[in-house]
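Participant: Top to bottom, those sequences are chains A and B.
Heads up: the first sequence runs through residues 1 to 460, numbered per the numbering used here.
Heads up: the second sequence runs through residues 1 to 422, numbered per the numbering used here.
It is possible that some hints are incorrect.
[Unchecked claim] Residues of chain B clear of chain A, computed beta-carbon distances all greater than 10 Å: (1) Ser70; (2) Asn98; (3) Asp175; (4) Arg223; (5) Leu247; (6) Asp256; (7) Pro280; (8) Pro370.
[What the hints assert, rightly or not] What follows is a set of in silico ranges between Cβ atoms, one per label pair, in the way DEER data are often shown: (9) A:Trp37 to B:Lys69: 24 to 30 Å; (10) A:Val370 to B:Lys133: 52 to 58 Å; (11) B:Asp81 to A:Glu233: 54 to 60 Å.
Everything labelled a hint here was simulated from the structure, so no lab data went into it.
Keep in mind the model is a prediction, meaning the values are calculated, not measured.
The C-beta atom is built at its ideal place from N, Cα and C for all residues, glycine as well.
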Amino acid sequence: MTGLQRLLVAGIALELAGLCFWWRRHSRPGPLPQVDWSVCMIEGTVADEIREMEKRLQPGNPAGWSELAAAYRAFGLFPQAEYCYRQVDKLSPEDRSYLYYWAECADLMGRTREATKRYRQVIDAKLTVPLGTRTIQYSWLNIGQDRLREENVPAAMDALRKAPDIPRAKFLLARVLMRSGRAKEAIALLDDLLRDFPGVIEYNQMKSWAENELGDQDAAQEFYERSLRSRQELSKWDPTYQEVLERRKTMGSQAWHEKSLQLETQGKLQDALEWSRKAVQAFWAEDRAQELARLELLTGHPEEAITLAEECVKRVGAAAKTLDIIGVASVQLGDRARAQRVWEQAIELEPTPNLYGKLAELRRLADDAVGAARYWSLEQYQTGKDAWLNNDLAGAREHLEKAVALYDGHAHSWFYLGETRRFLGDIPGAEAAYRRCLQINPDHGRALRGLERMRKISSK
Amino acid sequence: MSKSRVQSARNRSSGKGTTISLVLMACGLAVLLCVQGRLANPEPPGSRRPAPGISSKAAFDKTVFNDHKSAVRVANVQIVDFDRDGLNDILVCDSARNAVILYRQTSSGQFTERVLADNLKCPAHATVVDLHKDGDLDVVVAVLGSIFPWDELVGRVVLLENEGDHFTQHVLLDDVRRVADVEAGDLDGDGDIDLAVAVFGYARGEVLWLENLGKKDGQWHFRDHQLLDRPGVIHVPVGDLDGDGDLDIAAVVSQDEEELWTFENLGQGRFKPRRIYASPNYDVGSAGLLMCDLDKDGKLVWFKNLGDWRFESKPIASFGGTYAAAVGDLDGDGNLDVVLVSLCNDWSDPTRPSVVWLENDGHQNFKMRPIDTTPIGLITVACGDLNKDGRADIVAGSLILPPITERRVERITTWVSRKDKR
Numbered sequence: 001m002t003g004l005q006r007l008l009v010a011g012i013a014l015e016l017a018g019l020c021f022w023w024r025r026h027s028r029p030g031p032l033p034q035v036d037w038s039v040c041m042i043e044g045t046v047a048d049e050i051r052e053m054e055k056r057l058q059p060g061n062p063a064g065w066s067e068l069a070a071a072y073r074a075f076g077l078f079p080q081a082e083y084c085y086r087q088v089d090k091l092s093p094e095d096r097s098y099l100y101y102w103a104e105c106a107d108l109m110g111r112t113r114e115a116t117k118r119y120r121q122v123i124d125a126k127l128t129v130p131l132g133t134r135t136i137q138y139s140w141l142n143i144g145q146d147r148l149r150e151e152n153v154p155a156a157m158d159a160l161r162k163a164p165d166i167p168r169a170k171f172l173l174a175r176v177l178m179r180s181g182r183a184k185e186a187i188a189l190l191d192d193l194l195r196d197f198p199g200v201i202e203y204n205q206m207k208s209w210a211e212n213e214l215g216d217q218d219a220a221q222e223f224y225e226r227s228l229r230s231r232q233e234l235s236k237w238d239p240t241y242q243e244v245l246e247r248r249k250t251m252g253s254q255a256w257h258e259k260s261l262q263l264e265t266q267g268k269l270q271d272a273l274e275w276s277r278k279a280v281q282a283f284w285a286e287d288r289a290q291e292l293a294r295l296e297l298l299t300g301h302p303e304e305a306i307t308l309a310e311e312c313v314k315r316v317g318a319a320a321k322t323l324d325i326i327g328v329a330s331v332q333l334g335d336r337a338r339a340q341r342v343w344e345q346a347i348e349l350e351p352t353p354n355l356y357g358k359l360a361e362l363r364r365l366a367d368d369a370v371g372a373a374r375y376w377s378l379e380q381y382q383t384g385k386d387a388w389l390n391n392d393l394a395g396a397r398e399h400l401e402k403a404v405a406l407y408d409g410h411a412h413s414w415f416y417l418g419e420t421r422r423f424l425g426d427i428p429g430a431e432a433a434y435r436r437c438l439q440i441n442p443d444h445g446r447a448l449r450g451l452e453r454m455r456k457i458s459s460k
Numbered sequence: 001m002s003k004s005r006v007q008s009a010r011n012r013s014s015g016k017g018t019t020i021s022l023v024l025m026a027c028g029l030a031v032l033l034c035v036q037g038r039l040a041n042p043e044p045p046g047s048r049r050p051a052p053g054i055s056s057k058a059a060f061d062k063t064v065f066n067d068h069k070s071a072v073r074v075a076n077v078q079i080v081d082f083d084r085d086g087l088n089d090i091l092v093c094d095s096a097r098n099a100v101i102l103y104r105q106t107s108s109g110q111f112t113e114r115v116l117a118d119n120l121k122c123p124a125h126a127t128v129v130d131l132h133k134d135g136d137l138d139v140v141v142a143v144l145g146s147i148f149p150w151d152e153l154v155g156r157v158v159l160l161e162n163e164g165d166h167f168t169q170h171v172l173l174d175d176v177r178r179v180a181d182v183e184a185g186d187l188d189g190d191g192d193i194d195l196a197v198a199v200f201g202y203a204r205g206e207v208l209w210l211e212n213l214g215k216k217d218g219q220w221h222f223r224d225h226q227l228l229d230r231p232g233v234i235h236v237p238v239g240d241l242d243g244d245g246d247l248d249i250a251a252v253v254s255q256d257e258e259e260l261w262t263f264e265n266l267g268q269g270r271f272k273p274r275r276i277y278a279s280p281n282y283d284v285g286s287a288g289l290l291m292c293d294l295d296k297d298g299k300l301v302w303f304k305n306l307g308d309w310r311f312e313s314k315p316i317a318s319f320g321g322t323y324a325a326a327v328g329d330l331d332g333d334g335n336l337d338v339v340l341v342s343l344c345n346d347w348s349d350p351t352r353p354s355v356v357w358l359e360n361d362g363h364q365n366f367k368m369r370p371i372d373t374t375p376i377g378l379i380t381v382a383c384g385d386l387n388k389d390g391r392a393d394i395v396a397g398s399l400i401l402p403p404i405t406e407r408r409v410e411r412i413t414t415w416v417s418r419k420d421k422r
């Protein structure tokens, strides 16, 4: 190739590059992906608000596109949100604050490669929005998660290792290590996590599985049992999901529901009632209807509360909370028999100390001392079990001892008392409790296993 | 489940995430695993629409069962001749009504509703079995306790004992997390019927088997044994996976773990667990597991030749939002076909199907054919011969959590094979 030819090729290449650059900056995007509001399962009031935002949008204003994108994103309209972020990118390329959200949209549409490209841009630009100094590490976490979705384990591990301060990244890494036959390395990571978060269910659970892989059955059992006495769950949500929830609270009938809650905390019950009613009329949901019924109770309208609660039962079936409202309203109306009936139905669905306490009180008022004692015992059992599940063993023992003192014929009370005593090192007490449990229910598998474990420990 | 199953943030997408079904072949018995969400390839070809056109071999008449009062939250449907009158009936677990309902087929082909129980919080699955061995069919119900994700001890296993004119309830297991499935079989070889239990829970779950110790003084006695602790166990089908004459158990684990387990029956109530499949993709979204002899070869030798308890996986279809599968001979050619229903396809596109069938060419090559685009939000499906024409018909149920007004949602729908297509 002659020098002139080289020059010509270089010139053409330069022109093409320039043309590409100009095209990227000035080309008109395709049309906004249309939303068929009639089939998208979004409530009408929200759809109206979004349509209004679309109308108000000034196409040259990047902030307007960002705002619209956030609204679309909050209601799962990811193709539309992605389109908006593309517009922001064209209008205001130097402002990179939208990049992370743009990447998330690609992720949520299953476009893992595209998402990774955007997260890489976040990392390269060393952005601190929207998650502060952890934005970079969250980007690596998301890249790692995308590689897991693609079942590319080595690339996933590489990415996850670059997010050492994000517990979820460490946890995911522990899982893949364990499944790759590297349980020891997994345990090191899990120990780190447990040092900072001893009450997270999943960390204890996975440590139990890792110990099991290594053949240490005692340690596996110990961490399995710890997982049962933990209540903290590892969040499955993206860190930006809270923003989504907050935005939803500001739109459509959810905003009216939120306003009602706020007014109630200010003691403005009548106003709260009005807003709650408006929210329920616009979009019926069980929790909203229960809230409205509760407000009707608080404002002295038990009949209205019962009507609303019965509507809940008709629509989505009985729930303990709904039945509780009917019970309270029935007591207000002087119908204790109905209150007892519905509260008894409620404890079958979701037993709570509060419901047992109410039933005990009803039995006491009916001069049924035995019945009252039984319900008080179950109230103590539920409170004790709750403490047990929170790993508050001293509190659990106190309530469970009271439970069996009030009524000694409930197998689960004795089982949890046995477990509690075992964990507290009271071996004879635990054995006695397990034995009593098995006397009441000889087929109580967990009590049998508890007794067996205790025997093993004693023999050691 | 959604499952009653929990959908992760990732599954909030509008159905464009692809879905894949796997057949884990074990020669005679196959395990059909439905998964929802994304597998290795984020958007495999063919995931959006199946082959156009309804097969000339199968056409259906559609009927809808709707009470227009309650929300649409059907968790399970089954086709079974419950009253043993020679006509198949439909058994339904309705989570909005907290009920197990029998739709009994009359001789005129109509269905009449009979509520077997209406106080079970979110029944997820009902297993029909003659537990008493008295000739009457009883029902064992897996009670979730909450349709929403929850880790509390609200699950139950409840027996509805058939007493002829009524059903007596017995709580066989309580103080457990959300129970998603119960399956019956003689698991310890003592001649009575035991139960395998899938405790879905949320963060914590487990696989249990309940040893039947008989009925004494009017009370049923079952002793619980733990086989595995894993969250999100959905189904626990029971069958002879290794051909040694006893019943083994399989279990599908979702909730981030995404595993498939088998429990080899070693006799006398002892089981050997094996993890036969695990995906690093925590977002797979496993939704169900069926055990069936898909290739009808009944050969157990092939399995052994593969090596002990080794399974070969073979994807058979991609269908957006697949949540349940059923097996039956839909076109009457003697081969077992597969019906898939979709919980969360991209419903903003009204052409996307919610029900498809996979035509089996007899060599386990499947061709996807659409059946219908409505109703949407289908979570459960069953196959069985409803009109006694020798072909499998279909019943499916929808579950939609937000109580929205959606004209394309129905509680229960049947697609009965059209006789002129025989």
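Participant: Hint by hint, which ones does this structure get wrong, listed from lowest number up?
Facilitator: 1, 2, 3, 4, 6, 7, 10, 11
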